[in-house]
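Q: Taking the hints into account, I'd like the entire structure generated from these sequences.
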Amino acid sequence: MMMKKAIIISVLEQIEKNLEERIDIEKLVVITGYSRRSLQDFFKEKCGVSIGKYIRQRKLSRSATLLKLTSQSVTDIAFRMGFDSVQSYSREFKKTFGVNPNNYRKADFWDLRNLRPPYWLDCDEHYQFEICQLTSKEIFGFQTSHQIATNDLPK
1 MMMKKAIIIS VLEQIEKNLE ERIDIEKLVV ITGYSRRSLQ DFFKEKCGVS IGKYIRQRKL
61 SRSATLLKLT SQSVTDIAFR MGFDSVQSYS REFKKTFGVN PNNYRKADFW DLRNLRPPYW
121 LDCDEHYQFE ICQLTSKEIF GFQTSHQIAT NDLPK
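Here full-length UniProt numbering is used: position 119 in the sequence shown is 119, and no number is missing along the way.
Worth flagging that the hints you see were computed from the coordinates, not collected in a lab. All C-beta atoms in this analysis are idealised placements derived from N, C-alpha and C, irrespective of residue type, glycine included. Some clues are possibly wrong.
[Stated by the list, open to error] Label pairs and their calculated CB-CB ranges:
#1 Lys27 with Asp108: 34 to 42 Å
#2 Gly98 with Glu16: 21 to 29 Å
#3 Asn103 with Glu138: 31 to 39 Å
A: Laid out in structure tokens, this is it:
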């Protein structure tokens, strides 16, 4: 079991390190030494999605961040993230976020619901979590609220 975890961590690191490149599953197969089928099965077992879907979600999430935080054109972002065309990028983006990239950029708010953060299997080994009660303090800021159905949460 630890070996599988180490393999998946290695795959996740490769994906994150090369997110703005073309990520070939065959290259991941060579790096891990496992068959494509075994690697796909390990990955889906640990991460809940296929390698291809995870890569697509991470690329789209990175591109959404670039849209909000930079002035790079949609075309530049699409090609930077390895999409073959602006049309295929826009189609995938709209399928994931519900709006086209230009409208996402122009929105007054930043909808974070469909962003896929990096998946790290080893985070529990680096952090110790503790539930604690803090003393009350007065905080100033803007009020906002979000509603999400529990069936919309990732499993």
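Q: Can you give the numbers of the hints that this structure goes against, from lowest to highest?
A: none
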